[in-house]
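Given chain A, put chain B in place with the hints provided.
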Amino acid sequence: MSTDLVIKVGGAAGQGLQTIGVALAKTFKKSGFNVFATQFYLSRVRGGHNTFQVRVSDEPIRAMPEKVDILIALDEESIEEQIEEMTDGVIIFDNEVIKVNDVKEPFFHVPMLKIAKDVCGNKIYSNSVASGAALGLMCFEFDYLAKVLTEAFKKKGDEIVDNNIKAARAGYDYAKKNFPSDCKFSVSEPSDKDGRMLIAGNDAVGLGALAAGVQFLAAYPMTPSTGVMTYVAANADDFNVVVEQAEDEIAALNMVLGASFAGARAMTTTSGGGFCLMSEALGLSGITETPAVIFLSQRPGPATGLPTMTEQGDLQFVLTAAQGEFPRCVLAPGTPDDCFYMTAEAFNIADKYQIPVFIMSDQYLADSLFTCQRFDPSKVKVERYLMSDEELADTDEYKRYEITPTGVSPRAIPGQAGKVVVADSDEHNEYGHIDQTIENRILMNEKRMKKLDLLREDMEPPHQYGPKDARITLVGWGSTYGPLMEVVNILISEGHSVNHLHFTHVFPLPLEATKNILGNSETIVCVENNATGQFAKLLEYETDLHVSENVLRSDGKPYSPESIIRSMREKGLI
Amino acid sequence: MVSVEDYGEFETEWCPGCGNFMILKAVKRALAELGKSPDEVLLTSGIGQSSKLPHYLKCNVFNGLHGRSLPPAIGAKVANHELTVLAVTGDGDCYGEGGNHFLHNVRRNPNITLIVHDNQIYGLTKGQASPTSELGMKTKVQTHGVFNTPLNPLSLAISLDCSFVSRGFAGDVAHLTELIKKAIQHKGFSLVDVLQPCISFNKLNTFSWYSERVYKMEEGDHSPDDRIKAFERSMEWGERIPLGVFYVNEKPTFEDHLDVLKSGTLVGNKSDPQKVDELLDRFI
Numbered sequence: 001m002s003t004d005l006v007i008k009v010g011g012a013a014g015q016g017l018q019t020i021g022v023a024l025a026k027t028f029k030k031s032g033f034n035v036f037a038t039q040f041y042l043s044r045v046r047g048g049h050n051t052f053q054v055r056v057s058d059e060p061i062r063a064m065p066e067k068v069d070i071l072i073a074l075d076e077e078s079i080e081e082q083i084e085e086m087t088d089g090v091i092i093f094d095n096e097v098i099k100v101n102d103v104k105e106p107f108f109h110v111p112m113l114k115i116a117k118d119v120c121g122n123k124i125y126s127n128s129v130a131s132g133a134a135l136g137l138m139c140f141e142f143d144y145l146a147k148v149l150t151e152a153f154k155k156k157g158d159e160i161v162d163n164n165i166k167a168a169r170a171g172y173d174y175a176k177k178n179f180p181s182d183c184k185f186s187v188s189e190p191s192d193k194d195g196r197m198l199i200a201g202n203d204a205v206g207l208g209a210l211a212a213g214v215q216f217l218a219a220y221p222m223t224p225s226t227g228v229m230t231y232v233a234a235n236a237d238d239f240n241v242v243v244e245q246a247e248d249e250i251a252a253l254n255m256v257l258g259a260s261f262a263g264a265r266a267m268t269t270t271s272g273g274g275f276c277l278m279s280e281a282l283g284l285s286g287i288t289e290t291p292a293v294i295f296l297s298q299r300p301g302p303a304t305g306l307p308t309m310t311e312q313g314d315l316q317f318v319l320t321a322a323q324g325e326f327p328r329c330v331l332a333p334g335t336p337d338d339c340f341y342m343t344a345e346a347f348n349i350a351d352k353y354q355i356p357v358f359i360m361s362d363q364y365l366a367d368s369l370f371t372c373q374r375f376d377p378s379k380v381k382v383e384r385y386l387m388s389d390e391e392l393a394d395t396d397e398y399k400r401y402e403i404t405p406t407g408v409s410p411r412a413i414p415g416q417a418g419k420v421v422v423a424d425s426d427e428h429n430e431y432g433h434i435d436q437t438i439e440n441r442i443l444m445n446e447k448r449m450k451k452l453d454l455l456r457e458d459m460e461p462p463h464q465y466g467p468k469d470a471r472i473t474l475v476g477w478g479s480t481y482g483p484l485m486e487v488v489n490i491l492i493s494e495g496h497s498v499n500h501l502h503f504t505h506v507f508p509l510p511l512e513a514t515k516n517i518l519g520n521s522e523t524i525v526c527v528e529n530n531a532t533g534q535f536a537k538l539l540e541y542e543t544d545l546h547v548s549e550n551v552l553r554s555d556g557k558p559y560s561p562e563s564i565i566r567s568m569r570e571k572g573l574i
Numbered sequence: 001m002v003s004v005e006d007y008g009e010f011e012t013e014w015c016p017g018c019g020n021f022m023i024l025k026a027v028k029r030a031l032a033e034l035g036k037s038p039d040e041v042l043l044t045s046g047i048g049q050s051s052k053l054p055h056y057l058k059c060n061v062f063n064g065l066h067g068r069s070l071p072p073a074i075g076a077k078v079a080n081h082e083l084t085v086l087a088v089t090g091d092g093d094c095y096g097e098g099g100n101h102f103l104h105n106v107r108r109n110p111n112i113t114l115i116v117h118d119n120q121i122y123g124l125t126k127g128q129a130s131p132t133s134e135l136g137m138k139t140k141v142q143t144h145g146v147f148n149t150p151l152n153p154l155s156l157a158i159s160l161d162c163s164f165v166s167r168g169f170a171g172d173v174a175h176l177t178e179l180i181k182k183a184i185q186h187k188g189f190s191l192v193d194v195l196q197p198c199i200s201f202n203k204l205n206t207f208s209w210y211s212e213r214v215y216k217m218e219e220g221d222h223s224p225d226d227r228i229k230a231f232e233r234s235m236e237w238g239e240r241i242p243l244g245v246f247y248v249n250e251k252p253t254f255e256d257h258l259d260v261l262k263s264g265t266l267v268g269n270k271s272d273p274q275k276v277d278e279l280l281d282r283f284i
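Sequence order for the protein chains is A and B.
The numbering used here applies: residue 1 is where the first sequence begins, and numbers increase by one.
The numbering used here applies: residue 1 is where the second sequence begins, and numbers increase by one.
What the hints contain is simulated information worked out from the structure, not anything from laboratory work.
Hints may be right or wrong, so weigh each one.
[To be verified] Distance windows between CB atoms, simulated:
| no. | chain 1 | residue 1 | chain 2 | residue 2 | range |
| --- | --- | --- | --- | --- | --- |
| 1 | B | Ser159 | A | Val45 | 27 to 37 angstroms |
| 2 | B | Glu212 | A | Thr406 | 54 to 64 angstroms |
| 3 | B | Glu82 | A | Thr543 | 45 to 55 angstroms |
All residues carry an ideal CB built from backbone N, CA and C; glycine is no exception.
Just chain A, same shape as in the assembly (with noise of 0.2 angstroms):
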């Protein structure tokens, strides 16, 4: 790798790190590098200590190092949490908002308001100083700031556009003038071969459910899931989609299940404390047989928890939420390529199926931002599953549940064809109504269960990624797909014997491809985002097959790609 970079940018809540820290991703990305960023950040509106990193290289990634290259301190704090870990890199900061005593390296003073007021007449314009120093720092070439500045303040007229590129290129010119060592972190040349994105997990979610067709989301506010519900909301009016805020989370799954019920595309978004509210109407899905898909943003719990952290710690509540038995299916989308294409596909297999369907995400697939390729709207197909009017007129009298061979009956809507539709969360017979009968439970519960095999047959098998006979397999779900891929590739280039097997489709597992691809494997180690492995007893549970060790981490943050490395040296298997 000739360039990978990380630039931090540690500050309040309000004080726009934010801003600074997507303006120089964005600028990277335009310059033809690969980005990945992510946020910390806690659960207040003002104050506080946050931080946005962004990671730039020509390689592609997915993962965040524990290295920091330029420090942009907004705060003591920022300094105080990151002093001990700067070995070779720079902390700029302002003289006149914090106060060190002894300026040398890896200090830079960068005289942020007074250049803002300077040159702008307005210390606002100071968090463009601060992005125009970083990019001196590495005689980066301005244009691309400029062009993202542009675009960023377009909306708000020329004068603030100009201002904040004057502002930007102060700050640049003055860390290119006053810098001790000329250009320390200068990149390669740029190819700028753009046109790739930079995208957000959840609004990569956004927009699979806006290109799958969804009609309706209605949701309550959660950290972290609400980016879904909002980047939704926010293209309604475009695409005929109803969002409503429910009074709660129990209302919410409720009204998607009336909606999905009367025929419309229906979704909910939440986070585990919210999916708790709805794990009664998760099993009314079940048994009414009514499609639904629910996003499902993890964070660390029990109850409250950590609110604005990540963890991958509701796998287990979701596959077992509700009481009763039921077919349900759980999708981890790994990427933000991953959250388009497996939203869209999560609305055809609850049509399909006419079941719930999970997209299991957490804040950290959430709130990263990761430059990808353009999506494909064309790939995504909708298939609704629904009957004709021909076929329904055709039909006597017609049964939601009528018994067939798959145990998928035809589905009707109401009003439709002048039937009507009977759906019931009593056990009920092929018409839709209360039987209690032993005889009638026996046809009707194995008519549900069986849709699960079928189910098991549209899952895609697990992702390889590095030798197939390597010694050991990392396993892992969901977002830890980019540390594992980097994992393997530095543990290979040292020599080491280890590949990556990524499970998407959780459940139901696609089972022969997982026994065939593990079978042979020496030593499986699951690593996952939660405290108990649970990804590691589903595998287990639904194969014969032995995990050696679990690599867990649950406190709150995700993994570095060294701190996998670390538990895996701890633990003896490298």
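Frame of chain A; chain B shown alone:
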């Protein structure tokens, strides 16, 4: 022409003599007299003896969870606003378990009709207090008598500016039929609280107890567009219990605010998912 017969006859699980039979009769009559055919009608319900009602007439049915008759009703109404949607529920289901949905759907004001079988007791679980049970009523659980202040559904609805608030009595099917017709015809959220004797468990509020007390508010005697008077009237309870339409406030419905419904139903309205391509430019 639609007739009551079009709504069919079904065997029920209700106790002989239960007020539910009268309410079912009134619902069927009201729908038939309004010329609604079964396929145009959706009944949602929660759990309880009242909530079995949708199974006993031919129409679209979504019999959901305890306390949750309203949320699926709203979802379905938004998906297909051409459906005539009635949520059928009981006092425990609607005012207890589903109290939050009641409050917020009054605020939301969807064009649906809420029929509450209010027998002031829990029937299906065999005789515990409900939110509307009388003070002092002893049950196997409320062994010292009810001491929680009874919830007054009409006053509560009027305080929230509910757009149609009414009370009927299961013992007067003709009057109840007219009320339900008015409620369905009203554009907005319409509440029909129906006093209903529970012959098995409520030995206090019996058929004769209600019959001796209820009276119909006549035109001229009460004007439903006066919110304060409606509120006062809603508090009349005891020796005399008024029936009829307490309060009406015509205002835009939830669906009226949704521009997307102006060109047709949501389910009939196909958007073009390929339009997503235009949105992608914003991420470049």
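Hint check:
1. As the Cβ distance of B/Ser159 to A/Val45 is approximately 32 angstroms, the hint placing it in 27 to 37 angstroms holds.
2. A hinted range of 54 to 64 angstroms holds for the C-beta pair B/Glu212 and A/Thr406, which are about 60 angstroms apart.
3. Checked against the hint of 45 to 55 angstroms, the C-beta distance between B/Glu82 and A/Thr543 comes to roughly 50 angstroms, which is consistent with it.
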